[in-house]
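Enquirer: Chain by chain, the residues:
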Amino acid sequence: MMTTQLPTSAEKTLMSTTHHTRQRIPTPRDVLRRLPGDAAYLFLSWPVALLAFALACMFFGMVSSVVLAPVAVPVALLVASWAAQTERRLLRRFQGVDDAHGAYYPLRQDDSMVAKAWTLVRDPQRWLDAVWSAVGWVISTITWIILITLWGTVIGLVFWPAWGWALPQDGSGSLAGLIFGFTSYGAQAVVEVVFGILLLMIAPYVTVGLAHLQSLASRAILSSRSQQQVIEQLRSSRDAGRSAETDQLARLERDIHDGPQQRLVRLKVDLARIERQLGSDSPAAESIRAAIVSTQDTLEELRALSRGIAPPTLTELGLVAAVRQAAARPTVPVSLTTNLPEERGVLPSHVEQAAYYVISEALTNVAKHSGARNAYVELTVDHHELVVAVTDDGVGGADLAKGSGLRGLAERLRSVDGRLSVDSPTGGPTTLLALIPHGRRCTDADRARR
Amino acid sequence: MRIVLADDSTLLREGVQLILTDAGHQVAADVGDAPTLVEAALRERPDLVITDVRMPPTGSDDGLRAAVEIRQAWPEARIVVLSQYVVQAYADQLLASGAAGVGYLLKDRIGDIDEFLAAIDQVAAGGTVLDPDVVSQLMVRAKDPVQSLTPRERQVLELMAQGLSNGSIAGRLFVTGGAVEKHTQRIFAKLGLSPDDSAGHRRVLAVLAYLRGSD
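Top to bottom, those sequences are chains X and R. So the first sequence is numbered by this note's numbering: it starts at 1 and just counts up by one. So the second sequence is numbered by this note's numbering: it starts at 1001 and just counts up by one.
Here chain X stands alone, though its shape is the one from the complex (with noise of 0.2 angstroms):
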């Protein structure tokens, strides 16, 4: 393959995304480091959130007012989406997470402000963030009624001895008195401490479970729309380029078919004038024989190579003919049996490619390393794959490990969305089994061929 399959910043943020789904058991030390940022976003979310739902409730209650409707639903999905920036703003700020981002229908400047309204109202993520105030509300209340709790509890029992003798000194003041009945100041201010800091070890993990269980809500409702659109662009740009290496190779084959190959046949077909001008018992003819097959020669290692790029058979009479071809060419009897059609194009190019490919090279390998009498294509398509299967009744023992032919296969079938598995036991038989998916619909043209 002529592309690279090196991630593109865009597939970067999404695998660091769902790295960041997926993470591993966090050490102490790693919740200590995300203690601050946690708490900032768990504490600074909530009034942000609070505002968002009292003016969201308070716009979206007027649409039960006929004509205050057509201005309030639009202020308040502004307002809506105002909340939902600035807590993506937190979510990039304190969590880490650079997609967060909306994907918003653009709002024209010279839009009138009716179309604008329009705008707004048919943006679904719009709708997402209006969903998102009154959910994220309930989410963050509770979060941060939690955390404010907790740290509150936290730092009046660690701090007990300082103001504990404000209380009753009857033991109703303080865990220690309601728990065990202690009543000496000492005893308690002991105890006391002693739960604080205690339930200072456990705080943090509270804290970064809360934050981490919000910024999943929160993303999940705010930001998987511009991840969709991240993930389409994605798929949009793998098939252009699919199709761009597509064409080129069939392009280059072109070239070299138009060019070289046909000043290569001229030279053989003058070559061999001047042999015949000469006549056999010339002294020059000895070496005019050996430039006719050293060109001849060189012929059909062009010829192998371009049938390697993009063999002329698969574009000009489509799979199933270049697979007959490929079939021809191996010293083992080779049989085919498919339920495609025998015409061209019936799949995407990069399949048909990458399919033939597979079989071709599985070809090679039988006829170098299997010793087998004979082989068995198969090349059967469903409604999501291609299948392509080539067993062998050779010898068996190859292995996806060990051979850098079959690693190469397999990453070529990679490329196009294909896996590749291999059954081998010594002694065979060997079966090379390739599954292609085509993303291509079956019309009941097809159904009602098969």
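Be aware that one or more of the hints could be misleading.
Unchecked claim - Covered stretches of chain X (in silico footprint by chain R; criterion: 3 or more residues with CB under 8 angstroms from a CB of chain R, positions within the stretch not fixed):
no.	stretch
1	180–194
2	208–219
3	251–259
4	310–319
To be verified - A few chain X residues that face chain R, going by a derived Cβ cut-off under 10 angstroms, partial list only:
no.	residue
5	Val265
6	Leu267
7	Arg329
8	Glu342
Don't read these hints as lab results, they were simulated from the structure. In this text the structure is predicted, and so the values were computed from the model without any measurement. The beta-carbon is built from N, C-alpha and C at its ideal position, and this holds for glycine as well.
Add chain R to chain X, keeping to what the hints say.
Expert: Positioned in the frame of chain X, the structure of chain R alone reads:
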């Protein structure tokens, strides 16, 4: 004889033209694309048409389709198709238009001048000529009875499938005509073909039909 020649590469067309005129043939028209070829062949009604497969306008198998089209309009046309690659399907399509007076050769064979000239003579005379590569591909796929042939018989069968007469086979293998005769009898017996189709394109057809039966 008079020949219409088609190839989109001027370089190659010139080369072939030189060989043909050296051999005393006359090139009635040389053209560079499929529609012009059909038109020129039907206008000139030459003794032979030689065409490349890959030609404009689409640059795929236009030359071959032109050949089939010419044979439809003029069934007696004698046509040799040259191809950069051996494509079984091309040979099949060509033979489907009637096996008498057709040839399918790899382009490189032009360089073996004597064989090339012999091949076009044979096609012009109504024979069938297939490239050895096409035939060897057929042999690979052939059924068990072919495996039961002796190596020499396989050689003879390959040459028969290429369209060679007993005389030419004898010359190629440096044996007598009588020996080839014996081999062909045995081959026909082993494959269960009727031996009375002793010569000409009918024999080629019978052999090809047998070999292709393994599909």
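Enquirer: Hint numbers the structure violates, sorted upward?
Expert: Those not satisfied are hints 1 and 2.
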